[in-house]
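So the protein sequences, as listed, match chains A and B. In our numbering, each number is its position in the first sequence, counted from 1, plus 309. In our numbering, each number is its position in the second sequence, counted from 1, plus 6.
Keep in mind that the hints were calculated from the coordinates and are not lab data. Do not rely on the hints blindly, as some may be mistaken.
Unchecked claim - Quick list of in silico lysine-lysine cross-link-like pairs, DSSO-like style, CA-CA up to 27 Å: (1) B:129 / A:334; (2) B:70 / B:95; (3) B:206 / B:125; (4) B:70 / B:86; (5) A:334 / B:125; (6) B:129 / B:206; (7) A:334 / B:206.
Said to hold, decoys possible - Some chain A residues flagged as far from chain B (calculated, every beta-carbon gap over 10 Å): (8) 378; (9) 382; (10) 408; (11) 555.
Claimed, not checked - To give a feel for the contact side, a few chain B residues facing chain A, derived at Cβ under 7 Å: (12) 44; (13) 58; (14) 122; (15) 139; (16) 143; (17) 265; (18) 273; (19) 304.
We put the beta carbon where it would ideally sit given N, CA and C, even for glycine.
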Amino acid sequence: MSSVTIDKAAPTRTVKLGSMSRDRKWALRWSYFFLTLFAIFSLLPPIYMLITSLKSSAEISAATNPWWVFHPTLENYVGLLTSNQFLRFFLNSALVSIFVVTITMLISVPAAFALARMRFWGSATLATGVFLTYLIPDSLLFIPLFKVFAQFGDWTGIQLINRWYVLLFIYPTLTVPFCTWIMIGYFASIPKELDEAAIIDGASWFQTLTRIFIPVALPGLIAATIFAFTVSWAQFLYPLVFTTSTDQLVLPVGIITTLIKGDVFNWGQIMTGALLGAAPPLIIYAFLMDYYIAGLTAGATKG
Amino acid sequence: MADVALQPDSVGAAQPVRKRSGLKKALKRKSTAAFLMTLPLIILIALLVLYPAFYSLHLATLNKSMQRFVGLGNFEFLFKRDTFWLVVKQSCIFAITAVLFKALIGFIVAHFVHNIPAKGQRKWRGMLLVPWVIPPAMSTLAWLWLFDPSYSAFNYTLSFFGIGPIPWTGDADWARFSVILVNVWYGAPFFMIMYLASLKSVPEQLYEAAAIDGANWWQRIWYVTLPMMRNIIAITTLFSLIVTFANFDIVRILTAGGPLDHTHIFATWAFRIGIEGSDIPLGASVSLFMVPILAVAAIFILRDVNKRGNES
Numbered sequence: 310m311s312s313v314t315i316d317k318a319a320p321t322r323t324v325k326l327g328s329m330s331r332d333r334k335w336a337l338r339w340s341y342f343f344l345t346l347f348a349i350f351s352l353l354p355p356i357y358m359l360i361t362s363l364k365s366s367a368e369i370s371a372a373t374n375p376w377w378v379f380h381p382t383l384e385n386y387v388g389l390l391t392s393n394q395f396l397r398f399f400l401n402s403a404l405v406s407i408f409v410v411t412i413t414m415l416i417s418v419p420a421a422f423a424l425a426r427m428r429f430w431g432s433a434t435l436a437t438g439v440f441l442t443y444l445i446p447d448s449l450l451f452i453p454l455f456k457v458f459a460q461f462g463d464w465t466g467i468q469l470i471n472r473w474y475v476l477l478f479i480y481p482t483l484t485v486p487f488c489t490w491i492m493i494g495y496f497a498s499i500p501k502e503l504d505e506a507a508i509i510d511g512a513s514w515f516q517t518l519t520r521i522f523i524p525v526a527l528p529g530l531i532a533a534t535i536f537a538f539t540v541s542w543a544q545f546l547y548p549l550v551f552t553t554s555t556d557q558l559v560l561p562v563g564i565i566t567t568l569i570k571g572d573v574f575n576w577g578q579i580m581t582g583a584l585l586g587a588a589p590p591l592i593i594y595a596f597l598m599d600y601y602i603a604g605l606t607a608g609a610t611k612g
Numbered sequence: 007m008a009d010v011a012l013q014p015d016s017v018g019a020a021q022p023v024r025k026r027s028g029l030k031k032a033l034k035r036k037s038t039a040a041f042l043m044t045l046p047l048i049i050l051i052a053l054l055v056l057y058p059a060f061y062s063l064h065l066a067t068l069n070k071s072m073q074r075f076v077g078l079g080n081f082e083f084l085f086k087r088d089t090f091w092l093v094v095k096q097s098c099i100f101a102i103t104a105v106l107f108k109a110l111i112g113f114i115v116a117h118f119v120h121n122i123p124a125k126g127q128r129k130w131r132g133m134l135l136v137p138w139v140i141p142p143a144m145s146t147l148a149w150l151w152l153f154d155p156s157y158s159a160f161n162y163t164l165s166f167f168g169i170g171p172i173p174w175t176g177d178a179d180w181a182r183f184s185v186i187l188v189n190v191w192y193g194a195p196f197f198m199i200m201y202l203a204s205l206k207s208v209p210e211q212l213y214e215a216a217a218i219d220g221a222n223w224w225q226r227i228w229y230v231t232l233p234m235m236r237n238i239i240a241i242t243t244l245f246s247l248i249v250t251f252a253n254f255d256i257v258r259i260l261t262a263g264g265p266l267d268h269t270h271i272f273a274t275w276a277f278r279i280g281i282e283g284s285d286i287p288l289g290a291s292v293s294l295f296m297v298p299i300l301a302v303a304a305i306f307i308l309r310d311v312n313k314r315g316n317e318s
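With the sequences and hints as input, model every part of the structure.
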């Protein structure tokens, strides 16, 4: 074991063993040094959010050392968490995300199962099409989609624009293709013998899906769920286009449009809101990091 | 099994199958069941992705009130505007520079993480991925506050070194730098994670063989690591190129296109014209200019993904 590690770090084959391990030590020190620099760079904005969120507006406008809190206070948190408006944004975001995750899973899991296992006419083309759909960005579709929903309102009289639930129709266009794609990958990696055995034992296709595929591919399912949740929680462009009344806004848009009043920036509250808005994905990430990373890398490596 | 499954006459035999002899029937109705299972997906893609995509082609040919057909009039109008060419230039500068630095930083950081003992890697990886986890709209607010004209924490720090104050979002060139910096901050962790996963799959024997042949660290990267990672580098870069080119949140929140439209990219300018300026056809025409670049990137990604599929 130790000889392997020494070999790996050796710059040339001619150096002696003692200096090799010294080189290894220095390589390690440099690695830690640069990693610390990059970690500071990565964590700077969230830490600065936390610092500012603990300051009173008097301390912020006094322009003291911005990196230190002299009189820590929770007044920003109290102010936001007792404001009905902010709680409404939070509720809207939570409702949208939970519904979108449910809709996404209900659409993409059966579809992925069918595309991975039950080959039918056009299934390969459809799988490719799903992948291509995933590559279409939101900034290409927001204008035609807005017009489509406006016209739908004109024709049917059902006004969807400026209602938070319009997002339940739109977000799945972002989440379903990716979730279907990674679920195809997970389902395809399940050995064929498993579902053949189930079929022989008299299970229907539906039972094969719920009793065999979903339990076996559970890690993939969790990864897809996390992805769908983070995408719907973080989405900014669609709610900005489709919702305008303050009681229909979701968190990211709500913070930006209501806490910034003209040129007056209430930075203590903005940073508190941003931190609270970043908290749910961060908490999920802290507990389910491995699933999160699995979903992240699956998109390009599976399939 | 597959031969039986390919039988096309699958309608009928709808009663539930329980017994062993029902296997053939179950397989027979397979394609109907499969079609029904994919139907919601097909409807979603057709109605909310394909239809709007083609509808925007139609929209782009209408006048502002959307009552008259103007053909390519919107495009002619755009070509004559200086702002449009500014947006094209800025979109290209933004996407190419940002992706380049993301790829470079991701590659370097992935190597450092790979270098340290496996026990501590999880912790570092966890910290370095945080920028990717925070919703970009939220983290860009923090950057906006860090760049604030009068209370900038960066300028405060730099003033101790006698530098500044730097107009982070006030000056055209600095604003361009700032939006790219924030985008690199946000996107580099994605590259790091992808490279790290692929670094771990390079067989150790290759490095041992290279070391026996007397290769130094640079030669090992150039002749062993890079060729082994070529595919993943290509896919990640193309993915990121699409996402960066279509970026909206960061530019919108940090500069909103300013100063004087110098940091507008296609998405933010289309929003400014189409939604804020309520000239929907012109906005649709602007966002259509993203299609050629996205299509080229998508074709290459698809080729790579299919190649990987065939290999495995």
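Given the hint that residue 129 of chain B pairs with residue 334 of chain A, test it: the Cα-Cα distance must not exceed 27 Å. holds (20 Å)
Sort out whether residue 95 of chain B lies within 27 Å of residue 70 of chain B, counting only the CA atoms. Holds, because 25 Å separates the two Cα atoms, which is no more than 27 Å.
Per the CB criterion, is residue 44 of chain B less than 7 Å away from chain A? holds (5 Å)
Is the straight-line distance between the alpha-carbon of residue 70 of chain B and that of residue 86 of chain B 27 Å or less? holds (17 Å)
Is the claim that residue 378 of chain A lies outside the interface with chain B correct, judged by CB distances over 10 Å? Given that every Cβ of chain B is farther than 10 Å from that of residue 378 of chain A, nearest at about 13 Å, it holds.
Is the interface hint satisfied for residue 273 of chain B? The criterion is a beta-carbon contact with chain A at less than 7 Å. Interface hint status for residue 273 of chain B: holds (3 Å vs cutoff 7 Å).
So if I understand the rule, the pair passes when the alpha-carbon distance is 27 Å or less; does residue 334 of chain A with residue 125 of chain B pass? holds (16 Å)
Minimum Cβ distance from residue 555 of chain A to chain B greater than 10 Å, as the annotation requires: holds (17 Å)
Identify whether the interface hint at residue 139 of chain B stands, where standing means a beta carbon of chain A within less than 7 Å of its own. holds (5 Å)
Checking hints one by one. Is residue 265 of chain B an interface residue toward chain A, by the C-beta closer than 7 Å rule? Hint violated; residue 265 of chain B Cβ to chain A Cβ min 15 Å, cut 7 Å.
Minimum Cβ distance from residue 122 of chain B to chain A below 7 Å? holds (5 Å)
Need the status of pair residue 334 of chain A, residue 206 of chain B: alpha-carbon distance at most 27 Å? holds (21 Å)
Against the hints set out earlier in the document, a violation occurs for number 17 only.
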